[in-house]
Each structure stands twice: as structure tokens, then as C-alpha cells.
Amino acid sequence: SVCTAPVLTVPTVPVATAQAGLNGASVAFAATATGSTPVLTYSVAQQGVATPITSPYVFAVGTTLVTATATTSCGTASQTFAVTVQSPSVVTVLHQNADYLPNDDTVRPNLDLVNNSAEAIPYQELTVRYWLTAEDFAPILTSVDYAQLGTSDVKMRYVPLAQPVQGAFGYVEYSFTSANSLPAGGRSGQIRSRIYKQTYTRFNQSDDYSYSLSRAYAPNDHLTVYRKGVLIGGVEPAPVPAVTSLQVVSKTRTTVLSTNTISTYVQLQNVGNQPVPYQDLAVRYWFTPEGEATLNYSVDYAVLGSRNAQITFGKAGTETYAELRFNPDLGSLAPLSTTGNVEYRITKGDWSFFDQSNDFSYRPFSLDFTPNDHMTVYQRGQ
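In terms of this note's numbering, the sequence shown opens at residue 1 and continues consecutively.
Just so you know, the hints here were simulated from the structure itself, not pulled from any lab data. It cannot be assumed that every hint is accurate.
To be verified - Below, in silico cross-link-like pairs of lysine-lysine (DSSO-like), each with a Cα-Cα straight-line distance of 27 Å or less:
1. 155 with 197
2. 315 with 251
3. 228 with 155
4. 251 with 228
5. 348 with 251
Stated by the list, open to error - Per label pair, the in silico range of CB-to-CB distance:
6. 201 with 318: 39 to 45 Å
7. 145 with 297: 43 to 49 Å
8. 303 with 98: 27 to 33 Å
9. 327 with 163: 25 to 31 Å
10. 75 with 364: 44 to 50 Å
11. 9 with 315: 46 to 52 Å
12. 9 with 181: 26 to 32 Å
13. 367 with 146: 41 to 47 Å
14. 75 with 294: 16 to 22 Å
Idealized CB from N, CA, C, for every residue including glycine.
With the hints as constraints, model all of the structure from the sequences given.
Here it is in C-alpha cells:
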């Protein structure tokens, strides 16, 4: 008989709810596999160590990634799937989207907290999280425009995540300084708020975990509520695999092939879901210098600041490159963000001409940025 490698299909497991007073729930799950008599096994990571489990399994409140593995005599296949256990919803968030444009420079969540329990909860013990991705990242600013419980008693701050989750690279946390309590069976009343970037660039809200189209106040379990840091309402987003992916787009500003100036505009884009430290990044433009004259450069403009972009010249074998690096003080290039324009020129000390027709990284004159896979990107030299 022919040995067939396994083909694995993992399940989509419905969200489970823990019983009141318990910190977990028993959840059943089953992957399927085809191939030559595949054997299925499952594991979860506990303190960084893969621990075998079987179905059903008691999962803690929160989201756990399960690795399913199918093994046959001629191959192995593995995939992950998420199991989410939520606490009984002690507090529900009613959410109104006060901004009807998914692509706008301001996110406008209006909230109203509902206490479903039989006891009053001190506001100072509560926090609420609105989960989102911030494209073209810039410092996140927030504003509470009105709160029935006291506008000055509601605080907001943006918290970036160390690891990406579904629909979020961070969250805006609402906290409360009021000495009062959310009454048993009662509501906080309206909390009207805004989230925006220092640069007022647009958000793409449609991929944000907490985003809702509702124009009326309605329950949204994608906003999560915590009491003394413990989840008491809503469902946290599931972890997703970390992806590092970088892309260069460029446009050439010289209209002729034979010129004494190579003029290139460059943007480095982070199209992954992980921040990448600027100090680890380098971008190379490959060209032939035609002669032995000294090479010079000038950064005429950079969104990050022209002093934060430096160019050095080097060789790999017989090939010459101009390497663009960034000031480490800039921090990190955020996910789904760009460096913005870096506009630079390369010249020779004797102002002799370049022949760009044989330059590896050269692209014809263009008014628009286009991907340039002949400019190479390096992270920590790799």
C-alpha cells in the first residue's frame, strides 16, 4: 500500500463559560486527520514546556492555544487552535459606535457598564479594555468627553501588547477614580470617549477586535472587564502567531539613466504583527559606481527626521551598496506601520555620471511608491 502523509484539520471550539466561583471549565475538542492511519495527539504550553493533554480538558479562564499533531509512518502535521473560557459575565459593557466611518482618524467608543451581580462593585476596582490595532502608529491620545459618573473620574491610557492577539496590538484601558460603586443590578450611565493618534492618521477599525457597527448601545463581549485585574466580563482575543515581515517601497526621482545623482525616495513598511527595533534594521540599495571616486550622500528629508537616517557605503563581493540605517533612539517600527518617506541622494566626489541601466535596485522614474524587491532588508544582519 502507498503511505500517505497526514492532512490535519483543527476544530473551531465554541467559547465556554466557567461556572460561578470557578476559574476554568471542562471543554471537549477533536481534530480530524486523513492519511495512513494517523495518530492524533494534543499539547498545551505550560511555562514554556509542551504538556500532553486529552479531550475533554479543564482549561483556565482566558484563551489557550492547543497544538494538534497528526502522525503517520511517513509524515507529521501540526496546527494550533484556540480554546476560550470566559467567566460568568458579572459586568456587561453596552457599546455604541459614535463614529460611523471605519477608516477615520478618531475611534469614538461610548460605553455603559451593567452590573449583573447582586453586590455593588467599587469603581476603583474596575478596568475596561477596548482592543484595537493602530495602523501607521504614532503616540495614542485619549479623551473622555462626558461620563455620567463624573467625567474627571474616568481615565484612559493605551497599553501595547508584548505578543499579538486577534485584532489587536494593544488596548485602551478605562479606569475609575470615583469613590462610588457600580450598584447591584445597576448601570454606570454613559461614558463618551475618543481615541486618536498624535499625527491624526487614520485607523482601519474594521479589523479591530472591539469594533462594532452598532449605533445604539448594545452588549459587546469584545470589550473586556476586570475586577482587581481578574476578568469578570467579556471574552479576551485569542493569541495569534507572531509574524515578522518587512517590505520596501520606493520611487526614483531622476528621469534619465545617465546622471550625476541617484535620487531615491524610500519607505520601509512593517507588514507583520510584531514591532521591530530600528537599531536592528538596514535597507540596501545596490548599484554600480562606475569608477573609484569617493561616494557621498545627502538625506534631504525624512519623516522620522533627516538626522535619524544615515547611509554608509559598502561592498559584498564585487557589488556596491548604499545601506540605510536608523537612529536606535527612534525605538521600534510598529506593526502595520511605515517609516514614512526617506528622501536621499547619492553623488560622487568628482560629480561624474552614474549609468543606472545596470544598477540592480534601480527602478524607472515614478510618481508613486511601488514595491521594490531589489532593495534588500536586513534584521540584525540577516
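Each hint, compared with the structure:
1. 155 with 197: 17 Å, holds
2. 315 with 251: 23 Å, holds
3. 228 with 155: 16 Å, holds
4. 251 with 228: 52 Å, violated
5. 348 with 251: This hinted pair holds, its Cα atoms lying about 21 Å apart.
6. 201 with 318: 39 to 45 Å: For residue 318 against residue 201, whose Cβ atoms are near 42 Å apart, the range 39 to 45 Å holds.
7. 145 with 297: 43 to 49 Å: Since residue 145 and residue 297 have Cβ atoms about 48 Å apart, the given range 43 to 49 Å holds.
8. 303 with 98: 27 to 33 Å: Taking Cβ atoms as reference, residue 303 and residue 98 lie about 31 Å apart, which means the hint holds.
9. 327 with 163: 25 to 31 Å: 26 Å, holds
10. 75 with 364: 44 to 50 Å: 47 Å, holds
11. 9 with 315: 46 to 52 Å: Since the Cβ atoms of residue 9 and residue 315 sit about 50 Å apart, the hinted range of 46 to 52 Å holds.
12. 9 with 181: 26 to 32 Å: Once the Cβ atoms are compared, 48 Å apart, the range 26 to 32 Å for residue 181 and residue 9 is violated.
13. 367 with 146: 41 to 47 Å: 45 Å, holds
14. 75 with 294: 16 to 22 Å: 57 Å, violated
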